[in-house]
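Visitor: In the working numbering, the protein residues as written are 65 to 389.
Calculated directly from the structure, the hints in this document are not laboratory data.
Some hints could be false.
[Claimed, not checked] Below, a list of computed lysine-lysine pairs in the BS3-like style, where the Cα atoms sit at most 25 Å apart:
id, residue 1, residue 2
1, Lys330, Lys319
2, Lys269, Lys330
3, Lys374, Lys299
4, Lys119, Lys299
Keep in mind that this is a model prediction, so the values were computed, not measured.
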Amino acid sequence: MSSLYQKLLMLTEEEEIILKQKSKKIEKDVYTSQRDFIIERAKFLSDKKLIVTRKHPRFIAFPAHRHDYIEINYVYHGSLIQMIDNQRFELKQGELLFLNQHIEHALEPCGEEDLVINFIIDPYFFEHMFDSLDIEGAEQSIVNFLISGLFNQNKAGSYLYYQVSDIEVIQSIIASMIEEMMNPTVWSEVTVKFQMGLLMIQLMKHADKAYTPSNRIYDHQLALAVMRYIDQHFKTAKLETIAEKLNMNSYNLSKYIKKTTGKTFKVILQERRLEEAKSLLNYTDLAVEHIATEIGYDNLSYFYRLFKLKFGCTPSVYRKALYKS
């Protein structure tokens, strides 16, 4: 057996606590602060992290729940049995399952040799991937899935199942990501982000291995075009401009955007600008006034108001908190 297998067999602190419990029931407050069982990314991801790789805790069942992040289940060894949309689903060794924020699933307990890796991903991570996707050539199932996860405000659950246990390059990429999890360095976070991008490319190349219940390709193509446009031109983006590029009138395009994403063009643009503002606050010393102009807001007080609504504090307070941490 490989050394990685032996390391994954070892009990985590979380599993040791589970084995000591008499009830063998999930302590929900470990995973959520909400009344409904919605596992929160804040429990795993800090403000600056977009991806966390962790071993799924064995020996305990997870009752029906959702997440506020995109999750990928990968079976390193054994299997993972769960209920998705009231259907029993067995994920086998080497297979991948993508789950968006709106899908509800329940997990049966994993045995000692059922070694499952969960990739917990902030949806914002995928927004930057669309710039490199070719609308005509991209493998549509994964594009549709990502769009449904990022923007589907109707809370429609979606999952994407990949039978890729025999695809050596995919297995190699995932093994490298798990190695980074087990042996972290200062380079691990950026390495895993890079490897996740490589994984997405390989999954697009193996469209024949994908199974998904979602098939609204045309609407999703339009949404993808809009998202790419906003990502590239968020400072000056206008609905009329992208509508003209797509040979549509702005009213019809606006309806398509709302139908597919659950959000208006204005809201999507605003969210993209605010995420860019947060990034500039994190990683540059630009004055707040300059940041507002850089992302497309000439009215500073309006920018302050939007930022506070989104993140719960003003840009200045947000930056001061960074220096203290």
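Visitor: Where does the structure disagree with the numbered hints, that is, which hint numbers, in rising order?
Guide: 2, 4
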